[in-house]
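Student: Top line first, the protein sequences correspond to chains A and B. Residue numbers for the first sequence follow numbering that gives the first Met the number 0, so the first one is 0 and each next one is one higher. Residue numbers for the second sequence follow numbering that gives the first Met the number 0, so the first one is 0 and each next one is one higher.
Hints are computed from structural coordinates only; laboratory data are not their basis. All C-beta atoms, glycine included, are put in the ideal place defined by N, C-alpha and C. Some clues are possibly wrong.
Example chain B residues on the side facing chain A (calculated, C-beta under 8 Å, incomplete) [claimed, not checked]:
#, residue
1, Leu-10
2, Phe-13
3, Pro-42
4, Gln-120
5, Leu-125
6, Gly-127
7, Ser-129
8, Thr-141
9, Val-234
Now the stretches of chain A that chain B is said to cover, found in silico as 3 or more residues with beta-carbon under 8 Å [unchecked claim]:
#, segment
10, 31-41
11, 48-56
12, 87-101
13, 114-121
14, 140-153
15, 178-190
16, 273-284
Cβ pair distances, simulated, as ranges [as the list claims (entries may be wrong)]:
#, chain 1, residue 1, chain 2, residue 2, range
17, B, Val-38, A, Asp-269, 44 to 50 Å
18, B, His-56, A, Arg-165, 41 to 47 Å
19, B, Asn-37, A, Leu-46, 48 to 54 Å
20, A, Arg-165, B, Val-184, 53 to 59 Å
21, A, Gly-275, B, Asn-37, 34 to 40 Å
22, B, Tyr-133, A, Ile-105, 38 to 44 Å
23, A, Val-47, B, Asp-160, 30 to 36 Å
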Amino acid sequence: MATGVDPDHRVGDLPSTSLRDTTGAALWRRPWLRGLATLSPPLAWFLVIYVTSLVLMLVTAFFTVNSLTSQIVYQWTWSNFSEIFTQSVYGTIILRTVIMAVLVTITDALVALPFAFFLAKVAGPRLRRWLVGLLLLPLWASYLAKVYAWINILSDKGVLPGIESRLGLPVTHLAYSNTAMWIVFSYLWLPFMIIPVFGALERVPDSLLEASADLGAGSWFTFRTVLMPIVMPGIVAGSIFTFSLTLGDFITPLLIGGSSSSFIGNAIYDSALNGGNLPFAAALAFVSIVIMGVYLFLARLAGAFEAL
Amino acid sequence: MRLSRLTRVALAVFVGLVILFLLVPLAVITLFAFDRSNVQTFPIQHWTTSWFSVAWHDPAVRAALWLSVKAGVVATLIALVLGILVAFGIHRFRFFGREAVSLLLVLPIALPGIVTGLALQSAFNLAGISFSIYTIIVGHATFCIVVVFNNVIARLRRTSDSLIEASADLGARPLQTFRLVTIPVLRTAIVAGALLAFALSFDEVIVTTFTAGAQNTLPLWIFGAIRLGQQLPEVNAVVVSVVALTLLPIAYAAKVSSSDQTRASIE
Numbered sequence: 000m001a002t003g004v005d006p007d008h009r010v011g012d013l014p015s016t017s018l019r020d021t022t023g024a025a026l027w028r029r030p031w032l033r034g035l036a037t038l039s040p041p042l043a044w045f046l047v048i049y050v051t052s053l054v055l056m057l058v059t060a061f062f063t064v065n066s067l068t069s070q071i072v073y074q075w076t077w078s079n080f081s082e083i084f085t086q087s088v089y090g091t092i093i094l095r096t097v098i099m100a101v102l103v104t105i106t107d108a109l110v111a112l113p114f115a116f117f118l119a120k121v122a123g124p125r126l127r128r129w130l131v132g133l134l135l136l137p138l139w140a141s142y143l144a145k146v147y148a149w150i151n152i153l154s155d156k157g158v159l160p161g162i163e164s165r166l167g168l169p170v171t172h173l174a175y176s177n178t179a180m181w182i183v184f185s186y187l188w189l190p191f192m193i194i195p196v197f198g199a200l201e202r203v204p205d206s207l208l209e210a211s212a213d214l215g216a217g218s219w220f221t222f223r224t225v226l227m228p229i230v231m232p233g234i235v236a237g238s239i240f241t242f243s244l245t246l247g248d249f250i251t252p253l254l255i256g257g258s259s260s261s262f263i264g265n266a267i268y269d270s271a272l273n274g275g276n277l278p279f280a281a282a283l284a285f286v287s288i289v290i291m292g293v294y295l296f297l298a299r300l301a302g303a304f305e306a307l
Numbered sequence: 000m001r002l003s004r005l006t007r008v009a010l011a012v013f014v015g016l017v018i019l020f021l022l023v024p025l026a027v028i029t030l031f032a033f034d035r036s037n038v039q040t041f042p043i044q045h046w047t048t049s050w051f052s053v054a055w056h057d058p059a060v061r062a063a064l065w066l067s068v069k070a071g072v073v074a075t076l077i078a079l080v081l082g083i084l085v086a087f088g089i090h091r092f093r094f095f096g097r098e099a100v101s102l103l104l105v106l107p108i109a110l111p112g113i114v115t116g117l118a119l120q121s122a123f124n125l126a127g128i129s130f131s132i133y134t135i136i137v138g139h140a141t142f143c144i145v146v147v148f149n150n151v152i153a154r155l156r157r158t159s160d161s162l163i164e165a166s167a168d169l170g171a172r173p174l175q176t177f178r179l180v181t182i183p184v185l186r187t188a189i190v191a192g193a194l195l196a197f198a199l200s201f202d203e204v205i206v207t208t209f210t211a212g213a214q215n216t217l218p219l220w221i222f223g224a225i226r227l228g229q230q231l232p233e234v235n236a237v238v239v240s241v242v243a244l245t246l247l248p249i250a251y252a253a254k255v256s257s258s259d260q261t262r263a264s265i266e
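Just chain A, same shape as in the assembly (with noise of 0.2 Å):
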């Protein structure tokens, strides 16, 4: 290679056989600067914004509000967690938030793997390109649309009631319960588990399933031993979203939920911008982070990031 030339002009130079030196062309003379002033926009708009934002909102956790001029009192101080872990409506709540994402992950997972099995393993080219494309639809239809959706479906007056009326079949009055919440929460976050349940299932190749059966292995024998080992870190990606997303709700607890419904996405929205108490917020917060933390490593252990 020719050296002390600069990148720029540099025009004729003899053609390099190392990948390595070629990466880039000309970028190989300085690397760590280029690379240095490529990642520095994004990674200054993560600190300074994105990290900034999340530990001065976890540093606030430790505040509390006046409750007379409901100013930020700067003082450090645990009451917001003891408060939090000591009036048992918040441990309602939180116990709430979590089972229902608990449930949702596990009803998204136990329809999306038939359906991706049937996907990636038995639909010809031309149906699984229809199919994906009809799973693309709803998930990237309006959040709110869906949702208000389900209440126009399950709602005294809806459309389920309706048919079940004129059928002359006993009437549902799903609407405003948890039961409506589990509905609407598992028809939200289904496509978000099929994809990457589909992704890990289309990997696996179709020789490996013929010579499990070659081996004298029966269909439920090759699924459970063959099969889900490599089909589950696709599933714990997929319950990474659909836990998350759950945890962090509060639009559909509030339209579609019954009086007690609330979810900690309520209880956050409530003292934030209901009540003005941000310190306590922020600390009902700091717990759903801990939760979503416990849920990425046991996901971790689970080896879902190498399927990411």
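Using the hints provided, position chain B relative to the given structure of chain A.
Tutor: What follows is chain B alone, placed relative to chain A:
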């Protein structure tokens, strides 16, 4: 794995039911948008298209739509610049903390949205910044970067380095290579990333609740109206229009990028 005929049929029926489950709600709101009645009941008695016109002429809807479009466009532009830069940085350079950077990028969508929203609100509050379109943009750009990043890095990983080598060997200067080889190779990935980022911003409601103050983006207007149970026929028309408008760029994004890239972008 040899499946019996019965298993195949059962699987196909199950898949059909799931697709129905996924699409029926979208069909329901579409139908209700044409319901003439003020109170939506099923089955629909009289049909009309007038709610679309009512919504279109509603100044509150217009203001919200305009705010959403402005915020979405600027957030997308910021996300494009930063997302492309970070994709190049991660793809081209090996450095300490590279994994941490990838993790940092996913954090705004891996952590519950309410955490991002509240964090930004706390920071704006402590810094004494009052809510404006800029506070909305900052929030949106932060979680849109990863969408652009995912699309661009997926394309970079599939693009052979030999293209760039060949360009350099044939005498192109780095900037020429960038303009004539790198950008054309990435173009569709960039377009897809931008469209997805805009769609994400246009639809976002959780983070926006915390960074908008008293302003209404279109999703915030919809949320408020559903919550108060007011102007529901209008909500319906708006919601159906939004779905139609978001799906057009998404369909395009899915078309220009191959199936594995679409997956990368939505994950």
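Student: Run every hint past the structure and note whether it holds.
Tutor: A quick look at each hint next to the structure:
1. Leu-10: For B:Leu-10, the interface hint holds, since the closest Cβ of chain A sits about 5 Å away, which is under 8 Å.
2. Phe-13: Holds: closest Cβ of chain A sits about 6 Å from B:Phe-13, inside 8 Å.
3. Pro-42: Hint on B:Pro-42: holds, closest Cβ of chain A at ~6 Å, below 8 Å.
4. Gln-120: Check passed: Cβ of B:Gln-120 comes within 6 Å of chain A, closer than 8 Å.
5. Leu-125: 6 Å, holds
6. Gly-127: 12 Å, violated
7. Ser-129: 15 Å, violated
8. Thr-141: 5 Å, holds
9. Val-234: 7 Å, holds
10. 31-41: This one holds; 7 residues, not fewer than the three required, reach chain B with a Cβ under 8 Å.
11. 48-56: It holds: at least three residues are needed, and the segment 48-56 of chain A offers 8 whose Cβ sits within less than 8 Å of chain B.
12. 87-101: violated (count 0)
13. 114-121: holds (count 6)
14. 140-153: Holds, because 13 residues of the segment 140-153 of chain A bring their Cβ atoms closer than 8 Å to Cβ atoms of chain B.
15. 178-190: That given contact holds, which follows from 3 residues of the segment 178-190 of chain A lying within Cβ reach (below 8 Å) of chain B.
16. 273-284: Three-residue rule met by the segment 273-284 of chain A, so holds; n is 4.
17. B:Val-38 to A:Asp-269: 44 to 50 Å: Violated, at about 30 Å.
18. B:His-56 to A:Arg-165: 41 to 47 Å: Between B:His-56 and A:Arg-165, where Cβ atoms are some 36 Å apart, the hint is violated.
19. B:Asn-37 to A:Leu-46: 48 to 54 Å: 51 Å, holds
20. A:Arg-165 to B:Val-184: 53 to 59 Å: With Cβ atoms ~57 Å apart, the hint holds.
21. A:Gly-275 to B:Asn-37: 34 to 40 Å: 36 Å, holds
22. B:Tyr-133 to A:Ile-105: 38 to 44 Å: 41 Å, holds
23. A:Val-47 to B:Asp-160: 30 to 36 Å: The hint (30 to 36 Å, Cβ to Cβ) holds, given that A:Val-47 and B:Asp-160 are roughly 33 Å apart.
Checked against the numbered hints above, the structure violates hints 6, 7, 12, 17, 18; every other hint is satisfied.
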